[in-house]
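4 protein chains.
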Amino acid sequence: MAKKKLNIGLVGGGFMGRTHSNAFRQVSRFFDNEYEPVLKAVATRSAKRAADFASNWGYDSSESDWRRLLERKDIDLIDIASPNDTHAEIAIAAAQAGKMVMCEKPLGRSASEAERMVAAVEAANVPNMVWYNYRRVPAITLIKQMLDVGRLGRIFHYRAKFLQDWTISADVPQGGTGTWRLDANIAGSGVTGDLLAHCIDTALWLNGAIDSVTAATETFIKQRQHAHSGKVEEVKIDDASAFLARFENGSLATFEATRYARGHKALYTLEINGERGSVAWDLHDLHRLAYFDHGEDGQLRGWRSIHITDGDHPYMDRWWVPGLQIGYEHSFIHQVADFLSSLAGEQPAAPTFRDALQTDYVTDAVLASAKSGRWEAVKG
Amino acid sequence: MAKKKLNIGLVGGGFMGRTHSNAFRQVSRFFDNEYEPVLKAVATRSAKRAADFASNWGYDSSESDWRRLLERKDIDLIDIASPNDTHAEIAIAAAQAGKMVMCEKPLGRSASEAERMVAAVEAANVPNMVWYNYRRVPAITLIKQMLDVGRLGRIFHYRAKFLQDWTISADVPQGGTGTWRLDANIAGSGVTGDLLAHCIDTALWLNGAIDSVTAATETFIKQRQHAHSGKVEEVKIDDASAFLARFENGSLATFEATRYARGHKALYTLEINGERGSVAWDLHDLHRLAYFDHGEDGQLRGWRSIHITDGDHPYMDRWWVPGLQIGYEHSFIHQVADFLSSLAGEQPAAPTFRDALQTDYVTDAVLASAKSGRWEAVKG
Amino acid sequence: MAKKKLNIGLVGGGFMGRTHSNAFRQVSRFFDNEYEPVLKAVATRSAKRAADFASNWGYDSSESDWRRLLERKDIDLIDIASPNDTHAEIAIAAAQAGKMVMCEKPLGRSASEAERMVAAVEAANVPNMVWYNYRRVPAITLIKQMLDVGRLGRIFHYRAKFLQDWTISADVPQGGTGTWRLDANIAGSGVTGDLLAHCIDTALWLNGAIDSVTAATETFIKQRQHAHSGKVEEVKIDDASAFLARFENGSLATFEATRYARGHKALYTLEINGERGSVAWDLHDLHRLAYFDHGEDGQLRGWRSIHITDGDHPYMDRWWVPGLQIGYEHSFIHQVADFLSSLAGEQPAAPTFRDALQTDYVTDAVLASAKSGRWEAVKG
Amino acid sequence: MAKKKLNIGLVGGGFMGRTHSNAFRQVSRFFDNEYEPVLKAVATRSAKRAADFASNWGYDSSESDWRRLLERKDIDLIDIASPNDTHAEIAIAAAQAGKMVMCEKPLGRSASEAERMVAAVEAANVPNMVWYNYRRVPAITLIKQMLDVGRLGRIFHYRAKFLQDWTISADVPQGGTGTWRLDANIAGSGVTGDLLAHCIDTALWLNGAIDSVTAATETFIKQRQHAHSGKVEEVKIDDASAFLARFENGSLATFEATRYARGHKALYTLEINGERGSVAWDLHDLHRLAYFDHGEDGQLRGWRSIHITDGDHPYMDRWWVPGLQIGYEHSFIHQVADFLSSLAGEQPAAPTFRDALQTDYVTDAVLASAKSGRWEAVKG
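First to last, the sequence lines map onto chains A, B, C and D. If you count the first sequence from 1, you need to add 1 to reach my numbering. If you count the second sequence from 1, you need to add 1 to reach my numbering. If you count the third sequence from 1, you need to add 1 to reach my numbering. If you count the fourth sequence from 1, you need to add 1 to reach my numbering.
Bound conformation, chain A alone:
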């Protein structure tokens, strides 16, 4: 049966442009959906880079201005993979142009920016989704399923960290192509919006709403050269950010992110402790899930390491055979698969813009608390 085409217009040709493009290309080889993404066009500021990117990934065409994508009738969906400071403008315009919109995380640089984006897609009534890809790591999806059936019982603790070490050198500039994440104007915030946002999205999904937070942020290296101007300027982002949180369900949580944890490349870890059991996971071995089941025979109780490569694990019936692991990129493929399913169904694929706005409410509260020195309530 011929599949329906879903014509993609991608904005941005960096790291995230690559992960999204790969997901669009791969999804129909491994998943059965009514819709099939077609790589129609890519836009980046440089016409040359756009053309090269299109050639490499098999896009039919390229543009040097994302506005052109909105004008084109042959584009169904705008996928935003450009830096944070462009998200709102593009997303709102795309929605107004009647396009479906996917947006890389975080949704906005602040909740107020994100609120306008939510309003736009809801006013236009277009399908929309934010790329919080870790929800689709099979181990994390499995945690969600376990929680939904009550396997852990009442939850006491949630614990998440995202540790990196790539900005420790004072020689790393701010504001360049690979380093715009150090520029507060572009990124909005430092690790709070970049790394903690991932931790928070997963936490909200798995453990429900956060009531209030108390936080601390730190900028270890106070000045850096700007990649373009060469000027030494104050660093305005947070290099590290930690907070305590109280969830609506009564559980107590700790969150932490930093780019100054030597030896950790992208170590997103999470752990949940419930009355009946606990789970733990980390991104450096994303194909494994640690699970402690208190219901086991006491003498033989222990933390299990579940190798998430079997056919009965989420998404895994689509890949290889037991024992053979998938990697990082697959979480994006799964997200596209779910989005395509949602087009044929009644439920939108989560997280929608509205879902992702909740994360921005939390990061806003974290940054506010870091300034006020007090507990801050989370809006929402």
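Worth double-checking, as some hints may not be accurate.
Each pair may be met inside one copy or between any two copies, as identical chains are not told apart.
[As the list claims (entries may be wrong)] Derived lysine-lysine pairs resembling DSSO-like cross-links, with alpha carbons at most 27 Å apart:
(1) LYS266 <-> LYS145
(2) LYS223 <-> LYS372
(3) LYS5 <-> LYS49
(4) LYS145 <-> LYS5
(5) LYS223 <-> LYS266
(6) LYS372 <-> LYS74
(7) LYS74 <-> LYS4
(8) LYS145 <-> LYS6
(9) LYS237 <-> LYS266
(10) LYS145 <-> LYS380
(11) LYS74 <-> LYS6
(12) LYS5 <-> LYS266
(13) LYS4 <-> LYS49
(14) LYS266 <-> LYS6
Just so you know, these hints were derived from the structure itself, not from any lab.
Chains B, C and D: place on chain A using the hints.
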């Protein structure tokens, strides 16, 4: 610059047909080569299955007889991903038809079959390669580089296992689509040719030639129903196979493979102990390498777990950013990348048919020793 | 050469009475010191229990009132291993009686109690020490040595947790023999003084002073039966306690302790991230130290697991041979060995009462912040 | 209740003399037995070393000739902790003198030597035991209990290794105090009798009798200086030894020991694969047991790491509280506890001399096969 096309004709649409097809599709998105594979045609015995497979993977056409692929002018390379009993006939015919040939491992069901295949590709002077994909797991490629510069010094021990548990149930039949590996006529042998062959190929590459072996094989379940006939018949493959080996370099080795190791899905492990250090790796966490460097400060010496996701690790500059792991399928992509490079260069991509024949000599010696109860010299 | 006798009078015959007694008995078998502890007398409230304890451990005599120990001329040192609410009275009286004093942690139920204890031992000028035994786990002593020579460089992050799960059941009473730790009158606080105190003592030793904290505590089970009266009463201790901290050296820290982390029995973990490297350790595998050295060759960099069983590791030349691990009890033996050394030397064995008072200042600030909802400065 | 005294006469004051002495001293502090060991006398060849050892460990007296111990009425039990070449003479004489006998492993340097020892203790009808201490590591005892109730079902595979790296340097001499294990006259064999003997004893206990073996041994460094004479002489022990085995229960096994595995200090590992589950253990983390239970819910199945520190684990109710690990030395204490129990009971404590003789039959077969190049049947 436009790439040169390399038109692929695939034989077989099973598990390996999928991994190969994915590799052909993905390689040019991530690697720069003069040549680009084009999915031209696939052949399986069932025309329906061939057509479906072609549709799913984007092959231009499909055939129900692999001989048709050999006749077609628009096919440059025959890729053999069908069961072991078909390898020799197809490979020899393809070479005689002047096609390049890639063949899934093991090369032949026996060394004598493999010798005829080597003769054919060498007589035809066509590029050829066998899919011992684990050489291209970045961690294993890195071991090879470490050994080549003498990081481990004189080698004392080599140790490899490949443990699975999928045939423990007496209800698993022999001879069907997913279970032809239990049929000695099709597979040639059991775990010796299936799993030990992988261990041996890697070992020969990393540690050089094997002189002699003493082996034991076991068939735990003596009779199984045939998937097609329904008849209960004697099981003629080896369920488990273990051997001791002496390498030419003086090191002593143990090898073991089984499908009866409960809890292990595809646990290929290897360890090498040298005078200056040791390395260890396993397939269940293929993105990690364990390394012990005896040269470190004694008090702080320990086994390191290297997370093989950095840009200076083999092949990894082509993928994502540090900390983000790749999976099983990527080893096939790397192998195609190297094959494409070799077409533009002077060195064939290893393992060639001739290289892979050495593995068949070892597995022949293992099976012979299991019968004779004596040490058997390895031919070659 | 005959050793000088150090006559011990122990107060308390519970869990800690056993670990201390074992340490006194074992130390001279493995360590060379001028002094040798002699198990002279033990006092517990029950004469029967005291006599049984004395018989089991080889104490010469027993008493049912600790005051008797103070009167005895043949006792040099009073070792306090009784519940927290008895520490101050006994320690002060012992000092006033001119005895050396060792005290189980935490020093006081509050800093004000501890301040009086410090004043007493300093006025009496008697040797004194608090049993923060984890400083003498060889892996932790090694971390201290690494930090002292600058192996980690500037410190960015400190991270510690102490996770248990033994009070999750609502059936656990408060106030009994094994459960006095749930009674705020006896224990002073919950996990803050019990578990966090350990984390804090180690942190102050390794990473210097803490400036300020923001904290949250939680009591998950609000009411429990009293073990003696049988009455259901409000639970006044903290079941869980977490805080963020800023150290004087500019590093940012997270601390957490709980008795509601299912699957963790006594999981004290700590991690330190510095510019040049990181270390991590946990109590469930106390004989291992994880170390990341950024100075290593980039391609082969990784976290090392150092098996702390070699002769050049702290204290380990006194035990067995490489590869053979010691356990929990040995940290107490090491502490006694260091105390005995200090008697023959000029430096007191740390932590003295004064050192340990600093930990009470931090726990006071944690409990105050949990009430005030604000950052609290740490006294000291 | 006063305990009965069991007067110990120890022969040998080296590493094993220390572990045994510690066990005799500690056992009555932690275990309730009718009998209590009393450290009566120690004998070593040097009167000075004997006196020092006695002083350190609290032996009442010392001797420079073990024969003196046999003559003494106040000695009930002769414990042999001297090098292998002394075992037979002392044990036989001790039995003939009517003493109970404990002997460090291996029992004899060969099975014929061991047979004479068995004959002697059985003729004298004296309690006897061999120090295969690893049976009393709680994790291994637990494996035995699991197997006894059929938790693993039919056994397919047994796998054991004992890896060290302390003799890699050519500068290590043979024949000295710490290096008699490299002298074939004293030790009998190399790693076969030293390390494989441990693996074999455990295997026979857990998995039953071994039918036949095929083996390979290797001596990597062919000549070493003698520690006393200074002469460079041929090394006659085996540096490495590996064998395949068939057990009576139909399982297939691999065994390996070496002192040339860089990075491994004393890594004794074992794994058993059965139809219903698998277990794995290693000496470097002896307080953990890995267990895979195939009966678990498929989706959540995984290898558990059981932290063997709970009161319901073998021997652990005698030690500390959950989470707090014990170490190497405790296995000896447990063995003494069981021996003391056996004196009050009807069953001898295993392994008796007769039990341990079975291990010598296997090591004899291993060494014979290494010479003959053929499978050798195991006597017994």
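Determine which of the earlier numbered hints do not hold for this structure and return their numbers in increasing order. As far as the earlier hints go, 4, 6, 8, 12, 14 are violated by this structure, in ascending order.
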